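A.B. asks: The residues making up each chain are set out below.
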Amino acid sequence: MKTRDLAYIALFAAIVAVLGTLPAINVGPVPITAQTLGVMLAGSVLGARRGFLAVLLFLVLVAVGLPLLASGAGGLAPFAGASAGYLFSWPLAAAVIGWLTERTWDRYNVALGMLANVLGGIVVIYAVGVPVLKVVAGLPWETALWSGAAVFVPGDLVKAFAAAAIADVVRRSYPVIERPRRAVDTR
Amino acid sequence: MTLALYVPRSSVVHRMHAGVKLLGLAVLAVLLFALPTLTAAGAALAGVLAVGLLLARLPVAVLARQARAVRWWLLALLVVHALTTDVRTGAHVSLRLLTLVLAAAVVTATTRVNAMVAVVEWLCAPLRLVGVRPARVGLAITMALRFIPVLIERADRIRAAQAARGGSPRGLRALRTTIAPLLVQVLQMAHDVSEALDARGADDVPPPRRRRSPTLETP
Amino acid sequence: MRFRRPGAVGTDVDVADPTRGIELRGVGQRYGDRVVLDGIDLTLSEQRVGVIGANGSGKSTFARLLNGLVVPSEGQVLVDGLDTRTQVRAVRRRVGFVFQDPDAQIVHPTVAEDVAYGLENQGVPAEERAVRVAEVLARHGLAGHADHPAHLLSGGQKQLLAIAGVLVMRPARIVFDEPTTLLDLVNARRIADLVVGLEQQVVVVTHQLDLLDGFDRVLVIDRGRVVEDAAPGPAVQAYRALMADR
Ligand SMILES: Nc1ncnc2c1ncn2[C@@H]1O[C@H](COP(=O)(O)OP(=O)(O)OP(=O)(O)O)[C@@H](O)[C@H]1O
Ligand SMILES: [Mg+2]
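Chains as they are written, first to last, in numbering that gives the first Met the number 0: chain A, 0 to 186; chain B, 0 to 218; chain C, 0 to 245.
Keep in mind the hints are simulated off the structure, nothing from the lab.
Some hints here could point you the wrong way.
Label pairs and their in silico Cβ distance ranges [as the list claims (entries may be wrong)]:
hint : chain 1 : residue 1 : chain 2 : residue 2 : range
1    : C       : R138      : B       : R172      : 43 to 53 angstroms
2    : A       : W104      : B       : T176      : 23 to 33 angstroms
3    : C       : R138      : B       : S9        : 21 to 31 angstroms
4    : C       : G31       : B       : G130      : 31 to 41 angstroms
5    : B       : R64       : C       : A129      : 26 to 36 angstroms
6    : C       : A145      : B       : V86       : 25 to 35 angstroms
7    : A       : T103      : B       : A45       : 52 to 62 angstroms
8    : A       : R171      : B       : A159      : 23 to 33 angstroms
9    : C       : A230      : A       : D105      : 51 to 61 angstroms
10   : B       : A42       : A       : T103      : 47 to 57 angstroms
Coverage of chain B stretches by chain A, computed from C-beta distances (three or more under 8 angstroms per stretch; other residues unrestricted) [stated by the list, open to error]:
hint : stretch
11   : 22 to 32
12   : 94 to 108
This structure is a prediction, so every number in the text was calculated from the model and none was measured.
Every residue gets a Cβ at the ideal spot worked out from N, C-alpha and C, and that includes glycine.
Only chain A is shown next, with the shape it has when bound in the complex:
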C-alpha cells in the first residue's frame, strides 16, 4: 500500500473522529451521531478497501483510549457495551458502500450513491447492531428494533443523502477511487 493511500485512510479516520465532536442526540441506549456520516463518506470517497481500513483505524484510535466517540467515550469499554455491535459494523458498512460505489463509479450520481449508502450504511449497520443490542441489553426483539433501529432511520436517510451529495462533488473535482489516466502516478 502506498503512503498516499495510508494518508487518505488516516484522513478519513480523522474525519470520523471530528464528526464525533458535533453534538449527539441521545434517544435511548444508542445515540444519534454524525459519525456514521463519516463512515458513509469513507466508503463512498475512498472505495471498499481504503474505506474499510479508515474506519477500522478510527476504531483502533478509540480502543487505544482516545475519547473520540460522539459521547466523548473511548477505550475498550464501548466495545463491550450495548452499542458495540454498531461500532463493529462500521468498517463492514464502509466496505459494502465502497464496493457498491466502485461498481457504479462511471455513472455515479446522488441517487445511486444514496442507494449504496442505504444498503451499506443502514442495512448492514442494523443487521449487526440490533442483534448485539438485543443480546447485550437483554431486550425483546420489538424493543430492540424500535430503540435500536427505527428511531434512527429518518436521520440515517438524511446522512445517506448528504454523503452521496458530497461524494458526488468530490468525485468530480478530486476523484480518489479511480484516478483519471492523466494523473495515475503522481497525485
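Here the structure of chain A is known, so what remains is to put chains B and C with the ligands in place on it, guided by the hints.
C.D. replies: Frame of chain A; chains B and C with the ligands shown alone:
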C-alpha cells in the same frame, strides 16, 4: 477537539510502560462492568483522580477539560435513567462513564503518542504473516492524530472565509459550498503529506536486521 | 558486489558515483495529452542551482523529478548514476526534498520525534538517532524545542524543522521547492542564509529572485522548456524580459 495531549512531567505514571497503562485501562473497564455498583464506581473515580493528580501531577485543568467534554452526555444518562429506571442507576452509569473517560485522559496525558503507537505496532506484529507492516499501522495512526486538529482548523477557516463574504450556508447548500470543498482541500493536503513522507523514505522497507545488506537494496 | 564505504555522506552507498551529479537525459513529462516538461537535457553538478519561471511553467514537476517523486514519462533522470525509475529508494537517500508548505511536512507530535522520522526509515539505531537529532536541532536553533509540540511552532520555525528533518538524513543533495514563499521577511532571510551555508549541493525553485545571489547557475523554465541556463544575473534578466512580454 479536546484530545488530551501529552503533559510532560517526570513521574512514575509517565515512566510506566504504555502497554501496562493501556492494559490497566482495559482491566479497569472490565472491572467497572463486572462490579456494577455505585460504590465501586466511586472508589474507582477516587483512584483515577489520585493517580492523575497526585502521582502523575497532572494539572486539574487537563482532567476538567475531559469532564466538561462529556458533561451533557452524563446529564442525559442521568435523566434517561431517572425516567426509565431509577436515579441510583443513572448516577452509577454516569459515574462509571466519567471514571473511564478520566482514566483514558490520564493515560493519554502521561503517554507519548509514539509510545502508544508502539504498543499498537507490537500488537500488530502477528499481522506480518498476512503482509501488514506494523510500522505502517503506526504511521497511519500518527497521521490521523495529526489530521484531527488540522481538519478543525480548516473547517473554521472555510467558515470564516464564507462569513467574510457575507454567507453562512446551512443545510443542503452547506454540503456543496462548505463540506465538499473542505474535503477536496484536505484530500490534497493528505496527498502532500504523503509525498513529503515518501521524500523522507516512508516507503523504504526497513532493514531486516540492524545492518542492511546493500545487495537487497534495489528492487 | 556492493559495499558500504565508511565515512561517506549519507548512510547509503550504492554503486553511486558522487562526481556525476544529477543528469537529465531527454526528459519529458506529460499528464494525458498535456505536456508539462519537454526535451530537457542537463547535468547539474554545481553546488548552487536556482530554478525560476512563471506559475505553472513546470518548476515543481522539474524539482520532483530530481528525487524520484515524479518518474519522467520520457527519458531518464540519473542521480550520481542511479536511475530514479529503478532505484528510487537509493535516489531518495541521496536527494533530500523540502516543500513549500512546512505544515505538510510535519506529522509527528513533537519536534524531536519528527526529525527522527527519516532516520527510523533508514534503520538507524535508536542511540545514534538521538545523537544525530540533538546535533541537528542544536545547529539550527531548535535545541530548546525538542519536546515542543511541532504544530505550535511559528511558520519560520516549522520550515526550519522541516529542513532539519531532511538534513539529519545527511543527503548529498537537497532540492527546495519554494521554501520561503509562506514565510515573512525575517524568516525567509533566515532560511535563505541556512541554504547558502549548506555544504550539500542545493537546487532551489523560487519566485524570490534575491535568493539566487551568489548561485552558480540559474535555469529559467517556461512552458515546460528550459529557455535560459546561465549565471544569476543574465538568467534573471532573461526571465524579466520574458515576463515583460506577457
Ligand atoms: N499530477 C498532475 N496531473 C495533472 N497535471 C499536473 C500534475 N502535476 C502538475 N500538473 C500540471 O503541470 C503544470 C506545471 O505544474 P508545476 O506545479 O510544475 O508548475 P510550477 O512551475 O511549479 O508552478 P508554481 O509557480 O505555481 O508553483 C501545471 O499546469 C499543472 O496543472
Ligand atoms: Mg510549484
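A.B. asks: Against each hint, give a clear statement of whether it holds in the structure.
C.D. replies: These are the hints, each one checked on the structure:
Checking the proposed 43 to 53 angstroms range against R138(C) and R172(B) shows it holds: the Cβ atoms sit about 52 angstroms from each other. In this structure the supplied range 23 to 33 angstroms holds for W104(A) paired with T176(B), their Cβ-Cβ distance being about 24 angstroms. Evaluation of the 21 to 31 angstroms hint for R138(C) and S9(B) yields a pass: the beta carbon distance comes to about 27 angstroms. Distance hint check for G31(C) and G130(B): the Cβ-Cβ separation is about 33 angstroms, which falls inside the suggested range of 31 to 41 angstroms.
Between R64(B) and A129(C) the CB atoms are about 32 angstroms apart, so this pair conforms to the stated range of 26 to 36 angstroms. Checked against the hint of 25 to 35 angstroms, the C-beta distance between A145(C) and V86(B) comes to roughly 51 angstroms, which is inconsistent with it. For T103(A) and A45(B), the hinted distance range of 52 to 62 angstroms is satisfied, since their beta carbons lie about 56 angstroms from each other. At about 26 angstroms, the CB distance of R171(A) to A159(B) agrees with the hint of 23 to 33 angstroms.
Checked against the hint of 51 to 61 angstroms, the C-beta distance between A230(C) and D105(A) comes to roughly 53 angstroms, which is consistent with it. Our hint of 47 to 57 angstroms for A42(B) and T103(A) holds, since their Cβ atoms are close to 55 angstroms apart. Here's how the stretch 22 to 32 of chain B fares: 6 of its residues keep a CB closer than 8 angstroms to some CB of chain A, so the rule of at least three is met and the hint holds. Counting residues of the stretch 94 to 108 of chain B whose beta-carbon sits less than 8 angstroms from any beta-carbon of chain A gives 8, enough to reach three: the coverage restraint holds.
When each numbered hint is compared with the structure, a violation occurs for hint 6 only.
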